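Chains Y and H are the protein sequences, given in the same order. Counting from 179, one number per residue, gives the positions in the first sequence under this note's numbering. Counting from 68, one number per residue, gives the positions in the second sequence under this note's numbering.
Watch out, some of these pointers could steer you wrong.
Anything over 12 Å on all C-beta distances counts as not near chain Y; from chain H, calculated [stated by the list, open to error]:
#1 R95
#2 A102
#3 A136
#4 I172
#5 G212
#6 G238
#7 Q260
#8 H265
#9 Q278
#10 S284
#11 G308
#12 D310
#13 T314
#14 S324
#15 E331
Restraint-style ranges between C-beta atoms, simulated for each label pair [said to hold, decoys possible]:
#16 Y:P299 / H:D310: 46 to 56 Å
#17 H:T170 / Y:E269: 45 to 55 Å
#18 Y:Q482 / H:P285: 50 to 60 Å
Mimicking DMTMM-like on lysine to aspartate or glutamate, the simulated pairs with C-alpha atoms at most 25 Å apart in a straight line are [to be verified]:
#19 Y:K471 / Y:E447
#20 H:K237 / Y:D306
#21 H:K237 / Y:E233
#22 H:K237 / H:D159
#23 Y:K471 / Y:D531
#24 H:K237 / H:E224
#25 Y:K212 / Y:E202
#26 Y:K471 / H:E115
#27 Y:K471 / Y:E546
#28 H:K237 / Y:D300
#29 H:K237 / Y:D244
#30 Y:K471 / Y:D570
#31 H:K176 / Y:D446
#32 Y:K471 / Y:D446
#33 Y:K212 / Y:D242
#34 H:K176 / H:E235
#35 Y:K471 / Y:E381
#36 H:K237 / H:E143
Just so you know, these hints were derived from the structure itself, not from any lab. Being a predicted model, the structure only gives us computed values, none of them experimental. Glycine included, every Cβ here is placed at the ideal spot set by N, Cα and C.
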Amino acid sequence: MQPLRIPAWTLCSAAGDGQAATLEALRTRRSGLKPNDFGSAPLPTWAGRVLGLEEQPLPSQFADWDCRNNRLAWRGLQSDGFLEAVAATRERYGAERIAVVVGTSTSSIGASEEAYCRLAPDGGYPPDMRRSIIHTPHSLGDFVQHALQLRSVAVTVATACSSSAKVFAQAARLMQLGLADAAVVGGVDTLCGSVLFGFNSLELVSRQPCMPFDVDRCGISLGEAAGFALLVPEASAGPWFIGYGESSDAHHMSTPHPEGRGARLALDEVLRRAALEPHQVDYINLHGTASRKNDEVEAAAIAQLFPATTVASSTKGWTGHTLGAAGIVEAAITLLALEHAMLPGTLNTRSLDAVCGPQVRLDNVQQEARRALSLSFGFGGSNCALAFARSDVH
Amino acid sequence: MTVVVQGIAFWASRLPGWELAREVILGRQPAPATASPRPAPGLLAPTERRRAPDTVALALEVASRACAAAGVAAHELPSVFASTHGDLAISDYMCATLVSTPTLISPIKFHNSVHNAAAGYWSIGTGSHASYTALSAYHYTFAAGLLEAVTQVLCDERTVLYVAFDVEAKGPLATVSPSSGLLGTALVLAPAQYPGSHRLSLAQDVSDAPQLTHARSPAAAVVAQNVLANCLPLFEALALGSDAPATPTVLPLSQRSVLRVAVEVL
């Protein structure tokens with residue numbers, strides 16, 4: 179594909195607000211995971227909770243969109259000069275020419291959960307929650323479009339944990355056909371009862387901080403996060419988005435294909451679109467959820483395709499699994515790795531599963547990287563792989 | 068942007084099939100007075116068919132019918148699944164159960180609660196490793212999904228399945244996200260040089276006061292209470308064929324933009 183520049187990008191997770199804080203957490207190996215205290219009867223697990231959202235309502239002009247998920251979106255937009263970069267792009271191309279494509283898994287379902295907790299005497303929603311826009315998946319895309327004063331197409335992609343990776347592909351297609359001159363991509367997911375108790379019902383939630391690729395891993399730690407990237411055809415600086423690969427497992431709603439068929443198809447496609455050979459990939463940010471099955475299948479796929487010189491890791495020990503935001507959060511971490519020659523290892527993990535090849539690293543690696551991949555796999559067997567290159571490479 | 072339509076499917080509670088919907092749109096036949104039971108797609112095993120949420124049953128039915136009408140191998144097609152609200156009955160179940168007995172949430176209901184459940188079951192049922200996506204854009208969902216399907220056809224020069232669906236709201240959620248009955252549509256879209264029944268020429272247009280095409284056939288009242296009802300003008304144009312007005316169908320794409328779709332019979 180025609181490479182696109184990323185002149186601005188940002189992220190906010192339990193590991194930190196913005197690029198600098200996230201990089202510092204990665205360097206010092208400080209996890210954002212804490213014992214879970216979310217909700218009135220918290221599940222005994224660890225979670226990557228972003229602090230302070232309860233005291234940060236949206237500015238009054240956005241009151242209709244106010245809810246935890248959109249608060250986190252707004253907080254995410256504040257860092258790394260992102261709002262200013264979008265404003266400059268809006269000046270250059272016009273608000274009508276900048277698409278919004280964002281991903282989420284549960285969007286603001288937390289607001290609907292809250293409404294059900296305190297229904298009005300007539301059985302309907304309490305008056306303050308009678309805001310239709312926050313009880314539908316597009317709550318996120320609609321808010322981001324309004325917050326950024328953009329007027330082109332705005333779409334919310336919801337393919338579970340691949341959502342905010344697939345947004346890069348959809349935005350690239352819109353730009354390839356001239357339907358947009360630039361695009362804001364990203365994703366936001368917040369902690370809510372649905373995901374905490376839902377993953378608990380599947381017995382996928384760990385009682386301790388997640389240990390991706392550990393031989394004794396015992397499930398995921400949930401997290402919440404926001405992340406955004408601005409895609410433009412040309413800019414004087416910024417890393418490059420150079421390819422994507424999308425595929426389906428066609429196997430099971432909540433278990434990956436046992437031979438990693440879908441993962442391999444996504445990898446083959448991203449390498450083809452980015453015109454890369456496996457040995458040219460310096461770093462891979464893995465999906466690495468710390469579920470038994472995902473890590474087994476993913477590690478085998480990486481060991482099969484890439485040489486020992488490729489460094490691979492999961493950063494979910496820092497952020498938790500941020501579900502629909504995982505794609506953009508890990509894309510942003512991948513960009514940090516490229517720009518700062520700091521390839522994060524894997525946190526909390528003590529002893530790697532034997533299925534892992536030499537690619538999967540526990541310790542951080544201080545090493546130049548020119549090109550990198552980020553992998554995201556979701557429920558329903560939806561896979562997406564993204565390829566990025568350092569500013570000075572293309 | 069030009070693509071051809073190779074297969075059309077339409078299923079609404081009182082218009083259960085494209086042939087019937089077409090007759091009602093053309094005023095040749097009245098809509099049935101009563102609603103049909105929800106579809107039971109053959110793609111699912113009998114036990115799954117009973118347990119499947121309405122969204123999955125509906126989406127798989129129209130997807131299968133469109134592929135059959137087009138005579139294409141379903142597993143080869145990438146697909147785009149669009150739904151305004153997803154499965155409102157499952158959202159109601161999740162919210163209500165979280166209030167009463169959160170630790171007793173059904174794992175099957177939970178994995179069926181994802182917005183891409185229908186797309187996931189479709190890829191599993193057809194054995195398709197092609198990519199799918201699942202999206203929402205509130206009142207702009209139908210046109211936003213159509214635009215994504217068309218961009219996939221044009222960027223990758225391949226045939227793409229587009230499925231759009233919304234179901235009935237349940238419980239307290241129905242007071243803020245109202246939607247009645249089932250409404251599902253599917254189109255198999257292919258590059259312009261392929262054979263097909265209709266040619267669609269699409270353009271995005273920015274306008275402060277867009278003049279949208281409103282449904283005007285006898286079918287309009289039958290589906291009006293479903294949140295996806297604004298897809299109907301395109302199906303009216305497809306049904307009317309050469310009798311359709313020369314002006315394109317104008318679908319809402321965002322607050323300030325529209326998708327113009329000119330329909331031509333081949």
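Hint-by-hint comparison with the structure:
1. Every beta carbon of chain Y lies more than 12 Å from that of R95 (chain H), the smallest distance being close to 36 Å; the non-interface claim holds.
2. Separation of A102 (chain H) from chain Y is adequate, the least Cβ-Cβ distance of about 24 Å exceeding the 12 Å criterion.
3. No beta-carbon of chain Y is positioned within 12 Å of the beta-carbon of A136 (chain H); the least distance is around 23 Å.
4. Against chain Y, the non-interface label of I172 (chain H) is violated: not every CB pair exceeds 12 Å, the least being about 5 Å.
5. The beta carbon of G212 (chain H) is not kept farther than 12 Å from every beta carbon of chain Y, the shortest such distance being approximately 8 Å.
6. Residue placement check: G238 (chain H) does not keep its beta carbon more than 12 Å from all beta carbons of chain Y (closest about 8 Å).
7. No beta-carbon of chain Y comes within 12 Å of the beta-carbon of Q260 (chain H); the shortest separation is about 17 Å.
8. The beta carbon of H265 (chain H) sits about 21 Å from the closest Cβ of chain Y, which is more than 12 Å, so the claim that it is off the interface holds.
9. Remark: the non-interface label on Q278 (chain H) is consistent with the geometry, its nearest Cβ contact in chain Y lying 17 Å away (cut-off 12 Å).
10. Under the 12 Å C-beta cut-off, the non-interface status given to S284 (chain H) relative to chain Y holds; the minimum distance is some 27 Å.
11. No Cβ of chain Y comes within 12 Å of the Cβ of G308 (chain H); the nearest lies about 27 Å off, and the non-interface call holds.
12. No Cβ of chain Y comes within 12 Å of the Cβ of D310 (chain H); the nearest lies about 30 Å off, and the non-interface call holds.
13. Every beta carbon of chain Y lies more than 12 Å from that of T314 (chain H), the smallest distance being close to 22 Å; the non-interface claim holds.
14. A cut-off of 12 Å between C-beta atoms contradicts the statement that S324 (chain H) is not in contact with chain Y; the least separation is 6 Å.
15. At roughly 20 Å, the least C-beta separation between E331 (chain H) and chain Y is larger than 12 Å, which holds for a residue marked as non-interface.
16. Take P299 (chain Y) and D310 (chain H): their Cβ atoms lie about 53 Å apart, and the range 46 to 56 Å holds.
17. Look at T170 (chain H) against E269 (chain Y): about 52 Å separates their beta carbons, and that is inside 45 to 55 Å.
18. Range check, Q482 (chain Y) to P285 (chain H): about 59 Å between beta-carbon atoms, so the 50 to 60 Å window is met.
19. Under the criterion of a C-alpha separation no larger than 25 Å, the hint pairing K471 (chain Y) with E447 (chain Y) is consistent with the structure, at around 23 Å.
20. This hinted pair checks out: K237 (chain H) and D306 (chain Y) have alpha carbons roughly 20 Å apart, not beyond 25 Å.
21. At most 25 Å may separate the alpha-carbon atoms for a hinted pair to count; K237 (chain H) and E233 (chain Y) exceed this at roughly 32 Å.
22. For the hint linking K237 (chain H) to D159 (chain H), the alpha-carbon distance of about 6 Å falls within 25 Å, and the restraint holds.
23. Between the alpha carbons of K471 (chain Y) and D531 (chain Y) the distance comes to roughly 12 Å, so the proposed pair stays at or under 25 Å and holds.
24. For the proposed pair K237 (chain H) and E224 (chain H), the alpha carbon gap of about 40 Å is over 25 Å, so the pair is violated.
25. For the proposed pair K212 (chain Y) and E202 (chain Y), the alpha carbon gap of about 18 Å is at most 25 Å, so the pair holds.
26. Taking the CA atoms of K471 (chain Y) and E115 (chain H), the gap is about 24 Å. The hint holds against a cut of 25 Å.
27. Distance restraint check for K471 (chain Y) and E546 (chain Y): the Cα-Cα separation of roughly 31 Å exceeds the 25 Å cut-off, and the hinted pair is therefore not satisfied.
28. Distance check on the hinted pair: K237 (chain H) and D300 (chain Y) sit about 15 Å apart at the alpha-carbon level, within 25 Å; holds.
29. For the hint linking K237 (chain H) to D244 (chain Y), the alpha-carbon distance of about 24 Å falls within 25 Å, and the restraint holds.
30. Among the hinted pairs, K471 (chain Y) with D570 (chain Y) is inconsistent with the structure: their alpha-carbon atoms are about 38 Å apart, more than 25 Å.
31. Restraint check for K176 (chain H) and D446 (chain Y): the C-alpha separation of about 33 Å exceeds 25 Å, so the hint is violated.
32. A C-alpha spacing of about 21 Å is found between K471 (chain Y) and D446 (chain Y), which places the hinted pair at or below 25 Å, so the restraint holds.
33. The hinted pair formed by K212 (chain Y) and D242 (chain Y) fails the criterion: a straight-line CA distance of about 31 Å is larger than 25 Å.
34. Distance hint between K176 (chain H) and E235 (chain H) is fulfilled; the C-alpha atoms sit about 17 Å from each other, no more than 25 Å.
35. Between K471 (chain Y) and E381 (chain Y) the CA atoms are separated by roughly 12 Å; this keeps the pair inside 25 Å, and the hint holds.
36. Our distance criterion of 25 Å between C-alpha atoms is broken by K237 (chain H) and E143 (chain H), whose separation comes to about 35 Å.
Checked against the numbered hints listed earlier, the structure breaks hints 4, 5, 6, 14, 21, 24, 27, 30, 31, 33 and 36; every other hint is satisfied.
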